[in-house]
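Protein chains: 2
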Amino acid sequence: MNLASGMLFASDSRTNAGVDHVSTFRKMQFFQQPDERLLVMLSAGNLATTQSVVSLLRQRANASSGKGERNILNVPSMYDAACLVGDTLREIVERDGPTLSQSKIEVGCSFLLGGQIRGEAPRLFNIYPQGNFIEATPDTPYFQIGEAKYGKPIIDRVVNYHTPVEDAAKCALISFDSTMKSNLSVGLPIDMLVYDKDDFGPGIHQRITEQDPYFQQLHTGWGQALREAFAALPPMRWKE
Amino acid sequence: MNLASGMLFASDSRTNAGVDHVSTFRKMQFFQQPDERLLVMLSAGNLATTQSVVSLLRQRANASSGKGERNILNVPSMYDAACLVGDTLREIVERDGPTLSQSKIEVGCSFLLGGQIRGEAPRLFNIYPQGNFIEATPDTPYFQIGEAKYGKPIIDRVVNYHTPVEDAAKCALISFDSTMKSNLSVGLPIDMLVYDKDDFGPGIHQRITEQDPYFQQLHTGWGQALREAFAALPPMRWKE
Numbered sequence: 001m002n003l004a005s006g007m008l009f010a011s012d013s014r015t016n017a018g019v020d021h022v023s024t025f026r027k028m029q030f031f032q033q034p035d036e037r038l039l040v041m042l043s044a045g046n047l048a049t050t051q052s053v054v055s056l057l058r059q060r061a062n063a064s065s066g067k068g069e070r071n072i073l074n075v076p077s078m079y080d081a082a083c084l085v086g087d088t089l090r091e092i093v094e095r096d097g098p099t100l101s102q103s104k105i106e107v108g109c110s111f112l113l114g115g116q117i118r119g120e121a122p123r124l125f126n127i128y129p130q131g132n133f134i135e136a137t138p139d140t141p142y143f144q145i146g147e148a149k150y151g152k153p154i155i156d157r158v159v160n161y162h163t164p165v166e167d168a169a170k171c172a173l174i175s176f177d178s179t180m181k182s183n184l185s186v187g188l189p190i191d192m193l194v195y196d197k198d199d200f201g202p203g204i205h206q207r208i209t210e211q212d213p214y215f216q217q218l219h220t221g222w223g224q225a226l227r228e229a230f231a232a233l234p235p236m237r238w239k240e
Numbered sequence: 241m242n243l244a245s246g247m248l249f250a251s252d253s254r255t256n257a258g259v260d261h262v263s264t265f266r267k268m269q270f271f272q273q274p275d276e277r278l279l280v281m282l283s284a285g286n287l288a289t290t291q292s293v294v295s296l297l298r299q300r301a302n303a304s305s306g307k308g309e310r311n312i313l314n315v316p317s318m319y320d321a322a323c324l325v326g327d328t329l330r331e332i333v334e335r336d337g338p339t340l341s342q343s344k345i346e347v348g349c350s351f352l353l354g355g356q357i358r359g360e361a362p363r364l365f366n367i368y369p370q371g372n373f374i375e376a377t378p379d380t381p382y383f384q385i386g387e388a389k390y391g392k393p394i395i396d397r398v399v400n401y402h403t404p405v406e407d408a409a410k411c412a413l414i415s416f417d418s419t420m421k422s423n424l425s426v427g428l429p430i431d432m433l434v435y436d437k438d439d440f441g442p443g444i445h446q447r448i449t450e451q452d453p454y455f456q457q458l459h460t461g462w463g464q465a466l467r468e469a470f471a472a473l474p475p476m477r478w479k480e
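As given, the protein sequences belong to chains A and B, one line each in that order. Just so we're aligned, residue 1 is where the first sequence starts under the numbering used here, counting upward by one. Just so we're aligned, residue 241 is where the second sequence starts under the numbering used here, counting upward by one.
Source of the hints: derived by calculation from the structure; they are not laboratory data. Note that the structure is a prediction, hence the values are computed from the model and not measured. C-beta: ideal position from N, C-alpha, C; glycine also. All the pointers check out, no bait thrown in.
Cβ-to-Cβ under 7 Å is the rule here; a few derived chain B residues that face chain A: (1) Asp396; (2) Arg397; (3) Val398; (4) Lys410; (5) Gly461; (6) Phe470; (7) Leu473; (8) Pro475; (9) Trp478.
With a Cα cut of at most 20 Å, we get these calculated EDC-like pairs of lysine to aspartate or glutamate: (10) Lys479/B to Asp196/A; (11) Lys479/B to Asp199/A; (12) Lys389/B to Asp156/A; (13) Lys437/B to Glu360/B; (14) Lys67/A to Asp80/A; (15) Lys437/B to Asp379/B; (16) Lys239/A to Asp431/B; (17) Lys479/B to Glu210/A; (18) Lys181/A to Glu210/A; (19) Lys389/B to Glu147/A; (20) Lys181/A to Glu228/A; (21) Lys239/A to Glu450/B; (22) Lys181/A to Asp396/B; (23) Lys149/A to Glu387/B; (24) Lys239/A to Asp407/B; (25) Lys239/A to Glu406/B; (26) Lys479/B to Asp167/A; (27) Lys181/A to Asp379/B; (28) Lys421/B to Glu147/A; (29) Lys197/A to Glu166/A; (30) Lys239/A to Asp436/B; (31) Lys239/A to Asp439/B; (32) Lys421/B to Asp431/B; (33) Lys479/B to Glu166/A; (34) Lys197/A to Glu36/A; (35) Lys149/A to Asp396/B; (36) Lys181/A to Asp156/A; (37) Lys239/A to Asp452/B; (38) Lys479/B to Asp191/A.
Please work from the sequences and hints to get the whole structure.
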């Protein structure tokens with residue numbers, strides 16, 4: 001979410017290759033140059049592909065350090081960073097796609113890339129499996145990737161560009177909680193990061209586990225509030 | 241939903257072939273023999289396919305009337321009715337599938353088939369695009385087809401086998417309302433039908449339009465209750 005009050009990133013950490021192969025991997029990656037840029041990348045889709053994209057971005061940033069080649073730590077704008085991620089994704093899809101499609105395995109993945117590079121405002125991009133991308137605006141200040149539908153209605157109801165980031169974080173956690181109630185492919189822990197405009201620091205990262213008292217409070221409180229709100233509305237009466 | 245308190249069916253009526261070709265079609269069909277059976281069929285997916293399946297089921301029930309051939313109005317059990325629907329679906333997919341797949345158009349569709357045939361309890365089936373099917377049980381007393389994810393969390397939270405059917409209807413409408421807020425492919429009017437066990441009548445059918453005062457009350461009341469419930473929970477505090 002790219003809001004007037006700040007940027008908020010949240011990702012779960014459940015991965016699966018079939019229901020008998022469920023694991024935990026962080027889906028939030030950081031690329032930082034202190035006092036100059038913070039880029040946050042969230043991923044969904046084929047884990048091998050997302051990891052390869054991240055590894056290549058890091059490896060090339062290290063290798064080209066000082067040599068001036070275009071990399072994630074020196075591109076001059078968030079737009080150029082999104083292009084670079086899209087290009088790297090296309091490279092992996094081209095490399096791994098043919099053999100995967102022989103086994104009817106989906107090579108594709110999606111990324112959310114957000115953050116700020118000095119000289120620009122904070123920006124947020126949704127990078128498609130084909131490597132092209134769209135950018136968030138005040139009209140539509142948030143993106144979701146992956147198992148997005150279960151948790152979308154609550155965000156659509158309460159979040160807009162002027163929502164305080166503390167409330168946006170609450171909403172993101174409720175959205176994840178609703179999703180986890182209906183779908184096993186999303187699971188704790190949740191990584192959250194909040195970034196203040198023009199801070200250029202690492203942001204505040206927090207990992208939310210099952211034992212997190214705030215998450216427990218939301219989980220219990222929201223479920224109870226929904227049931228109470230539901231009970232308070234009148235039941236359907238049929239016109240005979 | 242096949243509940244202890246009765247059966248409840250609900251379907252929207254939005255169809256689309258791309259965003260520039262949006263129409264209204266009822267997705268709820270009835271097959272009835274007074275005092276002997278009521279079958280209710282809900283559909284999702286390719287409209288030409290679902291309509292063909294329904295037309296063939298009706299045409300063959302009329303044509304074979306009195307001749308003893310197996311049809312939707314004389315099969316002895318709901319299980320056999322689900323087999324017949326599955327077979328008819330396979331027939332259409334075999335007929336229309338090859339030309340549609342040349343144009344990369346999806347021929348598939350899904351059905352929910354529920355109701356009661358004298359001699360049996362009410363039963364509910366979820367018929368897959370391949371023509372096979374599963375049956376609801378008290379553990380999982382409801383099915384959704386089509387654009388199901390947005391509206392699933394609220395059903396998962398409040399509906400179980402022992403929920404009164406008036407509350408289940410309220411929940412179904414809230415579920416549709418949440419879906420319509422996040423997805424344009426679902427739209428009013430909503431057809432609802434409630435059927436009481438061992439009634440063998442036509443059930444009570446109600447069509448809910450935008451002007452329906454009860455739906456308006458739910459729409460406004462639920463949105464407001466959610467915002468209040470959200471505001472009552474504490475905002476996130478970051479541990480620095």
